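**Q** Residues per chain, in single letters:
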Amino acid sequence: MSAAARVIRPFASRALFQKLPMSSVRRVSPAAGFPRGSIRSFSQSPFWQVKKYTESHEWIELADDGKTAKIGITEYAAKSLGDVVYVELPAADLEVSAGEPVGAVESVKSASDVLSPVSGTVLQGNAALEDKAKFINESPEGDAWIVEISVSDPAELDGLLDATAYKETIDEE
Amino acid sequence: MSAVRPLRRGLYLLGSRSIARTAPVGANGALTSVPHRLASPQGWRPLRSPVVGSSIATTLAANNGIRYASSATPSGSLRKTQLYDLHIAKGAKMVPFAGFSMPLQYSDLSHVESHKWTREKASLFDVSHMVQHRLSGPGALDLLMKVTPSSLDKLKDNTSTLSCLLEPGTGGIVDDTVITRLSGDTFYFVTNAGRRDEDLAFLQSEIDAFKLAHGPEKNITWEILEDRALVALQGPQAAAALQPLIAEKDASSDLSTLYFGNCRSLHLTLPGATTTAEPLLISRTGYTGEDGFEISIPASVSPATITDLLLQNPAVRLAGLAARDSLRLEAGMCLYGHDISTAQTPPSAALGWVVGKDRRDPSSPQSNFNGSETILPQLASPAKTLSQRRVGFTIEKGSPAREGAIIVDVNDESRPQIGVVTSGLPSPSLDGQNIAMGYIKQGLHKKGSEVGVLVRNKLRKATVVGMPWVESKFHRPPKA
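Line order of the protein sequences matches chains Z and E. Numbered per numbering that gives the first Met the number 0, the first sequence spans residues 0 to 172. Numbered per numbering that gives the first Met the number 0, the second sequence spans residues 0 to 479.
Read the hints as simulated data drawn from the structure, not as lab findings. Careful: at least some of the hints might be erroneous.
Only pairs whose alpha carbons sit at most 20 angstroms apart, straight line, appear in this in silico SDA-like list of lysine to any residue [claimed, not checked]:
id, chain 1, residue 1, chain 2, residue 2
1, E, Lys396, Z, Lys78
2, E, Lys92, Z, Lys131
3, E, Lys457, Z, Lys78
4, E, Lys457, E, Glu395
5, Z, Lys78, E, Asp107
6, Z, Lys131, E, Gly431
All values derive from a computational prediction rather than experimental measurement.
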């Protein structure tokens, strides 16, 4: 990742999320992002970089409480894996470190762990996926989130990729 | 990012190691203590192993989970088949496969859709990466009767049989192959691309030894048909799609009399009412369990012209490796390097039927073939000589059991390992039911046996079942 991508923190601030319904924000392609410069960043706090990505194609979005977060797989991952037939959800209270599995996504041809982007404790898996795994293909970065966790240290999100940096990693592939 | 990458990988590897279980099952059905013997018969291991956790990134990097028979590490540039440009034009997702860049699936259909399309209509597969051989001359039959256990001397002209190339002594399966007798002493056979180096070395050494032993009277000419393309047209609509293209005007043009396991050399009609300069070798066979054909296209005929003609039929769509793997598993067919390897003989791999009926009597000179000293006792008394069998499993709803998943005894508190899964996935034709093929201890291999499978360290219930899961629909002659 380029140093520039880390320094520039262009995207959604908490202020923006409060103005827009979450759903409409989510529909904005993370790759397209927001027009740079039209949103003023009021703080450098990592709390405000609410949606982050990993190189292993997970996303994590911190809730307004700054403590809980939802984790899912990216649009790119869902499209690349193809027809998802089963999602393994973690048990509540499972403690995970960053990079450890918090679930698994199974397509016909492959099984992939979903790695927690940060450390935390599982609050719940998304029960909607128990009966309808292919929901993942329909709304991977929206309602088909996989797990909700209580984040141990929200500052950990700061080390993750923002939308632009994530898109760069995909473009390399 | 470069600093994060190794860290993440490192964490992942540490994490996976704790749940990784080796699969100590091996030679000729013996449960052994040699790790990875069966799960990785050639010492090759896919980047992602299904029992060992794999991140999405590693799944995608590892051909999206597609496995192949190869002992060779991918090196340098990938080879392209003659249909490469077609794949690209049709939006194929290309993956490295046995040294070739091959289509995984195409943009018009998902994996599951393409799988179902094949079962309901017809799919066209490029299988030109496979190795086509022609073996002829006075010694051809004798050589093939030495390296395989098949009764090739009883094989009629223009008929084929599934067979195995066997190692001397051990009877280990060097490769599986379909052998066609074109005429008395001329044979055509197709071997796996992933076994190319091993097969060629094996055949060369067998032919050299044969020539040394038999002299010029039993001469053999061996050609590798590098410039021929090979496509498979599979599915219930395959015959209807191919029939209108046949150029012959006599009875040989009628595909309804070309039965499973038979082949014909036929010309096709090209656009502009011309016909192909040479005939194509059309074999009624396949790797999906459906009716269909494999079509070997000579160098004088453009394979893209043939595929374009077939694809003009709206019932025919291109299909890739993803569908090919799920279709063949439902049909109970083996994938070399996964379900079979040199660690198995035909009887231990439940392929004893490839051994000719008249080649099983140890006192008969007919019964001399590579490994017959090992294989014939296994056929005569399997319970005494084999310690494991290849069987099918169905697994309870939930995570599919895939290659490498450990089969355990649920009747024993200590959950000892009794087998291993060699292929497994949620069956697209059976509404996602988890199916798997694998090896299990002799005695526990009976249909209906209840066993356990460890999937990501969780015990799942499984049952030993017969194969195939989807009944084969080969075009066979009407019963008299």
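**Q** Run the distance test for Lys78 (chain Z) versus Asp107 (chain E): straight-line Cα separation, threshold 20 angstroms.
**A** The hint holds at about 13 angstroms.
**Q** Assess, step by step, whether the Cα of Lys92 (chain E) is no farther than 20 angstroms from the Cα of Lys131 (chain Z), and give holds or violated.
**A** Not OK: Lys92 (chain E) and Lys131 (chain Z) at ~26 angstroms, beyond 20 angstroms, violated.
**Q** Regarding the pair Lys457 (chain E) and Glu395 (chain E), is the alpha-carbon distance no greater than 20 angstroms?
**A** holds (12 angstroms)
**Q** Going straight from one Cα to the other, do Lys457 (chain E) and Lys78 (chain Z) come out at no more than 20 angstroms?
**A** Outside the cut-off at roughly 28 angstroms; violated.
**Q** With a cut-off of 20 angstroms on the C-alpha distance, tell me whether Lys396 (chain E) and Lys78 (chain Z) pass.
**A** Cα-Cα ~24 angstroms, so violated.
**Q** Is the straight-line distance between the alpha-carbon of Lys131 (chain Z) and that of Gly431 (chain E) 20 angstroms or less?
**A** holds (12 angstroms)
In the structure shown, a violation is registered for the earlier hints numbered 1, 2 and 3, in ascending order.
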